[in-house]
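The chain contents come next:
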Amino acid sequence: MTFTLKELSELVGGELLGDPRAGIKDVAEIQNAMPGEITFLGNDKYRKFIKTTEAEAIIVHKDFDGEYKNLIKVDNVNLAFSLCLSKLRPQIPKNPPSIHKTAIVAKTAILGNDIFIGPHVVIEDHAVIENGASIYANCYVGHSGRVGANTLLYPNVTLYHKCIVGENNIIHSGTVIGSDGYGFVRKDDTIEKIPQTGKVVIKKDVEIGSNCSIDRGTIGDTVIGKGTKLDNHIQVGHNVKIGKYCFIAGQTGIAGSTTIGDYVTIAGQVGIGGHIEIGSRVVIGAKSGISKSIPEGEFWFGYPASPYKVATRQIASIRMIPEMKERLREIEKLINKKDL
Amino acid sequence: MTFTLKELSELVGGELLGDPRAGIKDVAEIQNAMPGEITFLGNDKYRKFIKTTEAEAIIVHKDFDGEYKNLIKVDNVNLAFSLCLSKLRPQIPKNPPSIHKTAIVAKTAILGNDIFIGPHVVIEDHAVIENGASIYANCYVGHSGRVGANTLLYPNVTLYHKCIVGENNIIHSGTVIGSDGYGFVRKDDTIEKIPQTGKVVIKKDVEIGSNCSIDRGTIGDTVIGKGTKLDNHIQVGHNVKIGKYCFIAGQTGIAGSTTIGDYVTIAGQVGIGGHIEIGSRVVIGAKSGISKSIPEGEFWFGYPASPYKVATRQIASIRMIPEMKERLREIEKLINKKDL
Amino acid sequence: MTFTLKELSELVGGELLGDPRAGIKDVAEIQNAMPGEITFLGNDKYRKFIKTTEAEAIIVHKDFDGEYKNLIKVDNVNLAFSLCLSKLRPQIPKNPPSIHKTAIVAKTAILGNDIFIGPHVVIEDHAVIENGASIYANCYVGHSGRVGANTLLYPNVTLYHKCIVGENNIIHSGTVIGSDGYGFVRKDDTIEKIPQTGKVVIKKDVEIGSNCSIDRGTIGDTVIGKGTKLDNHIQVGHNVKIGKYCFIAGQTGIAGSTTIGDYVTIAGQVGIGGHIEIGSRVVIGAKSGISKSIPEGEFWFGYPASPYKVATRQIASIRMIPEMKERLREIEKLINKKDL
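Chains as they are written, first to last, in our numbering: chain G, 1 to 340; chain X, 1 to 340; chain R, 1 to 340.
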């Protein structure tokens, strides 16, 4: 399907500089874009490709000062591009509502309308599958588990007993929700398990990447707030509470009983210790190790982590040591010579 | 079900200060506990909630010097609390022994008594499932694999051929036991695979969290010792030997052929290199990178790691650099002025 | 089956020092090897075991200067040993071609010859399974997915729609190929998802360990080059391009749109930021955090990473700080005394 540049420019609410009748039939990355394709400049690193791209048009930020035959200027390049992507590349349509004959659905499970349950899915007793939910092949929903309205579980997701996934969630393959928290206690020379009797509660509009592990609470619940987005391979410990609209990037781990505020951004491979509080709107740099609470709105980085400015100053100061040593030697030489 | 405080105090072998007839019907976290609920003070960070909690009673350490209407004083708070938890919140009962009609069990597999095999489980030729084992939905037990007596595999566990899980194990969802070790050798400009012909042996009373990977040995075995507890997302390389009653926290990786002693504690996101030896009762701090062997009983930390005291001194000394630079400048100024 | 030392020495193209008629019936690690077994010395750390091993013969490097009753001297010990391993321990034979009766294979899927499709596998519409492919139990191949000739998917692998796995691949359990890239954009106080409409393309001769996540591209593709070998728990972000014959060790994460050249070696738990370029033949040390592009052939290490020599010098210089502080104090004392 082809759209005119005018149509797309109106779709994204942008300012069109160029030929409104230019036809756009696909999207492409700037380095590969061809005639008939629209691309975007979302990161200045790619600006060099403006000279070589064959794109029909480029979506740029409204402050962009370069030139190209067809431009759409917008406030938010990524958002505008995302809208074009949805328009030009419709997703594979949802599976029509159905319950596959190989799915094992307990008689006591409560099933909403318009749900899709794929092959080999297992739904245990007293589970609830709300209207419009899609549960792909080989997923498991434990005893009294709940899958919210219009939520999508990709294949091979495991939802343990009693755990709740809210509405409009997307959970990717391999993710495990509700495995036991890591709760043990040494007793003489052996180790006793502390029963993990709480559950996991995931609010609405959450997305969780592949191969994540969200542990159930010991007594209370592990909670992931509305609209929060988790990347892949993330571990969330027991009784952790994560607020709303947070970004948490891949391979990050959050130890038990820690609280994360709202609108927090956590980069990849971060480790956050247990029983601490991360304030709202905090930003944590990649690979940081956090062992203390962080007040609202701060930006921390490093291992062990400090406020960003302190961390970068420390890194810079390490680089000064050899020169300082040299100056120290100079002074000592001078002092010796002068026979002080 | 309701118990009196006297009953619970006897259960945990504690000293009761307060009303022995007080009725307890559930457990709760201290910040949320209500009348009729028992809670605990296991971490001083939560002491502030004593003023606001509505708990019927609090389990505290015997040296606790505060006051509350009903207290149970014990030697080991977490252990006592764990006992109350087991009493007040009985687990969902085990599935009754049965083999689901959709499970595919090879004719040559040897099945014990009182086992549960859930829907869509696959048990390959010559596998052995010992008495009382529970294998939940969608698990896979490879050729000649063995699942020990009373062991529980949660859904979606993969056990490769020949690998052995001992008795009384708990293995959480998504965990893979027996994938090939990372054994390759460069040959001219290509890479050859080294066959991974060993297996994995997991001893009794082990718990492994979700989404872990335990690789099989190249020639000999990868071994996890009795009573050791692994958190989630842990990678154990080929031919690694882990001793008994170790704690290994989430997202830790142990490279091939390394040996870990007994009673070792490894915090989260630690990386341990290959072909080294970690002595018994060693403790390793979170996110440490270990490339050398560590003698018995030592506490190491950092990246690259050092003994804990050395590591903390290094961290502190980095913070001194700016001040040292300032003093150096002062001396230089002075020397210049005095025209030395 | 027993082979003579002469036969094995010819197999590996080595120089035999000892009894050519000695019979070898198995392989073993040097510390455990018994008569009738061949072992190898691939790492000098194990040299001490030459005194105690009971091995029939040892494969050593051609420059080895020690003595043993039977030695095979070779150019590449690991390669020679790998050949012996293949000879002496034949793998469990491949499953004979068949499609299990519980597999759900879409009518529109295209199936090659001599394929194995195990129990509970799901193959969606328009998927292609090429000749000789083996797909083990509980795997999922999405709409229009492709599994190349002679490729092996171990149990519980998830291949999303449109994603392509080339020929002669080995993909271990729990690995997810084609989950959505982590693409979101803040919009006012909420977060919008950017559709992930690209795919994953894995070239031939690739091996991917267990529980990895390879995200699909946003517009273009995520690509893993020919012969590259991934360990376990690796995350590859959307639009990442990895070259050929790379080694990537466990728990490493590569953020979106980054390019990795050919013959690159990345150790365990490395984090690589987005939108950067890692040149061919680069080596990256364990646990490094890489936020900038690295030119061809360089060796980087640390967090934040630097060229290896710079990094080790920095580490060494931190250790000098306490001594420098002491010297500074001495000078100050001296200056004070002399009343400068």
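Heads up, a few of these hints could be off.
Chain copies aren't distinguished; within one or between two, either way the pair holds.
With a Cα cut of at most 30 angstroms, we get these calculated BS3-like pairs of lysine-lysine [to be verified]: (1) Lys193 <-> Lys94; (2) Lys48 <-> Lys87; (3) Lys193 <-> Lys333; (4) Lys337 <-> Lys325; (5) Lys241 <-> Lys51; (6) Lys226 <-> Lys337; (7) Lys48 <-> Lys292.
Simulated from the structure, these hints should not be mistaken for laboratory data.
Model, not experiment: these values are computed from the prediction.
Results of checking the hints against the structure:
Taking identical chains as interchangeable, the C-alpha atoms of Lys193 and Lys94 lie at most 30 angstroms apart only when they sit on different chains, with a minimum of 17 angstroms there against 43 angstroms within one chain. Taking CA atoms no more than 30 angstroms apart as the test, Lys48 paired with Lys87 passes inside one copy only; the shortest distance there is 27 angstroms, against 54 angstroms between copies. Taking identical chains as interchangeable, the C-alpha atoms of Lys193 and Lys333 are never at most 30 angstroms apart, the minima being 64 angstroms within one chain and 59 angstroms between chains. When the C-alpha separation of Lys337 and Lys325 is checked against a cutoff of 30 angstroms, the pair qualifies both within a copy, at 18 angstroms, and between copies, at 22 angstroms.
In this homomeric assembly, Lys241 and Lys51 come within 30 angstroms of each other (Cα to Cα) only across copies, at 22 angstroms, whereas the closest approach inside a single copy is 48 angstroms. In this assembly of identical chains, Lys226 and Lys337 lie within 30 angstroms of each other by CA distance neither inside one copy nor across copies; the values are 71 angstroms within and 65 angstroms between. In this assembly of identical chains, the alpha carbons of Lys48 and Lys292 lie at most 30 angstroms apart only when taken from different copies (18 angstroms versus 42 angstroms within one copy).
Violated hints for the displayed structure, listed by number in ascending order: 3, 6.
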